[in-house]
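Full structure from sequences and hints, please.
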Amino acid sequence: MTTDTAARASGSILVVGGGISGLTTTLEAAEVGYEVFLVEKNPYLGGRVSQLNQYFPKLCPPTCGLEINFRRIKDNPGIKTFTLAEVVKVSGGPGDYDVEIKLNPRYVNENCTCCGECEKACQIEVDNDFNFGMDKTKGAFLPHEMAMPARYVISPKIIGTEDAKRCLEACKYDAVDLEMEPRTINLKVGAIVWATGWEPYDATKIDNLGFGQYDNIITNMMLERLAAPNGPTKGQIVRPSDNTAPESVAFVQCAGSRDENHLPYCSYICCMASLKHACYIREQYPDAKIYIFYIDLRAPGDRYEKFYKKVKEDENVFFIKGKVAEVSADASGDITVTAENAVTGEKVSQTVNMAVLATGMQPSAALNKLPADLKYTDDGFVINDYAAGGMFACGCAAQPADVVSSNQNATGMALKAIQTLVKR
Amino acid sequence: MGQQLLEPDVSFIKVLNERGGDTLKKCFQCATCSVACPISPDNKPFPRKEMIAASWGLKDRLVNNVDIWLCHQCGDCSVMCPRGARPGDVLGAVRNVAIEENSPIPALAKAVNDPKKLPVLLLIPAVLFLIMGWVVAPMIWAVIGPILGAIFRFDYTQTTFLNFSPELFHGQIAHSAFFNTWLVDMIFIPTAIFAVVCFALGVKKFATNMHNAAVAEGKVKETEFSWKGIAQALPKVAASILRHEKFNECSENKSRGTSHMMVLFGFIGLFIVTTCFMLILYGSALVAGYDHAWHGPYSQLNPIKWLANFAGIALLIGSLAMIKNRLGKSENHLKSSYPDWSLLGLVLGLAVTGLGAEVTRLAGAEFVTYLTYYVHLIFVWCLFAYVPFSKLAHLVYRTVALCYAEYAGRDAK
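Quick mapping for you: the protein sequence lines, in order, are chains A and B. Using UniProt numbering, read the first sequence as starting at 1 and increasing by one per residue. Using UniProt numbering, read the second sequence as starting at 1 and increasing by one per residue.
Quick caveat, the hints were computed from the structure, so don't treat them as lab data.
Under the rule of at most 20 Å between Cα atoms (straight-line distance), these lysine to any residue pairs were calculated in the SDA-like manner:
1. B:25 - A:264
2. B:324 - B:313
3. A:321 - B:80
4. B:25 - A:261
5. A:289 - A:332
6. A:309 - A:54
7. A:321 - B:26
Below is the structure:
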């Protein structure tokens, strides 16, 4: 196992981001023999995909795909992963980069067996970011059931409290280490692939769509967590205000996407995501009505189009061409969405139990610029400079994409990184 | 609906581009605008359908469309528009073409909207006044002078229409000594009749076409056309217009209501003033003879004069506020094109020369005040003669459309 960070500078690749794109680049490069360092800011690998309930269009859980990737990572001695890690600084050029990485403390070491005793001992609860704040976790927690690495995390919020001590005392394996400090390491690599992914667009910014104002307006990623068996409701899709089963749900497409006031581009996945969500709800509630308000429905490619056609056959799913521009709520918590049906030319006000905003993806780099000399589009996507070479962005750091395209792109960028090394 | 053959009018799209509708093609028909609009009805709301009709060059569907007149260009839709297509500004451009299309002299309407024709349009009254004063008015006077002289008991042969070296009138400057009141009336009464006839012809064409289009599109409850019905809606609509109710429903450019109100009330005030002074002049002339009639200039203590000054200042401040608003750089400011600027220029010009002529008269600056008065009359003539063709024609077309909407049941929210 190559853990010496100074070794083989010209032969190593740094992958920033451990989501589906970063995992793919890492594995594709490592499995042809290159040394790969994988840096992930969260305490777990898998990124956005690990938050999904099912993939479209096959409606299979992403866990199985992630599991295979995790297995491959564990089996490959050429891969070194760092979680809770961020790139601080990149210097040098193609073939010879010097990268400074900050490792944040997990307060739990590799002795952890996931027995859960620290969690039981801990009393303080913190917002569960993995579930978009829809529930709480203890201050000592496992990010999610199949977190990789399978190791607990102690929230920095409880460090210095009695609870931290309780966790320490509860652990029979000497896995809790409250003395951990942030530390910095330096890596020498020949190429860097930025797989920094995306954030769901902040729906509170879309002030005419009522998110944050009305409980029963949620985002598509929140619905994903509600539908997931490891989510805050153990997979029961209920509306937040009273935890009742929705009899009707409206989907607001292009919530913040294709909108100069927000994200001017098409986020690519939201149409397919809402079609998938319609399936989630229809499966749980055979009588529920689904109203999808759209500008244009985009189901690119044969497989996606077939999926769209299948959903369209459902008599309880209604498609209304017209963007929702106004929402209101009544005392019962029901939501009324208003749009002009551009086909009939009538203004439609549809009252539903719950509304889902199909919010788009914003590149993470739009919110926090990456610490390297990279070019960006106005929207914060990295523009790959193949002439300069050395550093490449893949997946949603480069453009809005679904999992399939991200993987294809990530594979391509593994090759670009390898070419950088071989050219020397 | 069956098959329809669409006949796009490409030149129409080009004209919209020139008149402030150049963002039109950015529209991707998401229909946000129809919901964003605070005054759009639930049945066939606007302006989404107007945007696609405009982008397809379907002029016929737009120029006779009642909905383009329901829009008050508040800009709420333009601010919400995800593409920056600015539907509010596009409808403004469409209204401009609608005025042109419905006017009985389209060539004149085109000229009014063409900046290159502005010098000619201004030159027309400047020259017309001279020809009237020197040539035509004396010829007419030969016929009507004796009659008027008999009615108003004065020596009509002593009348000089244009006097470039006038004497003081009872020791003060009187504009009528320079530009005779009879000449003013001989020019402006026919001009006003011209405007009324043009409006009558335009509105007749417009109203019937508007009704047929509205019925065909299923936008109205009333399928019978009735002038009486439209006229009966006038009091309610006029009250709503005077109160600027529609402006107040806007959120983005609510302040426009105030400046518009100042200009509208300014014009109404000046109309009342002019009518009063005309009645006073000819009424007193009938009683006491023209030479002893109550001629201007009137005392500053006269309440009608107060109204005149007040209305003039309202016009000045209102037009300046409108100009400031349109020069604004905020995201929600209205886009402005030549028809907007030419009208605002005219309104400001009227106010400045009107008040200017008064102030310079009181200051005793003879040459300046006569010159200013001459320019003022040029502006007044432009207002009268070009109103059925300019953006100001909205005064009539919008009122008719609003009355029609009220009568026919085109429910605004």
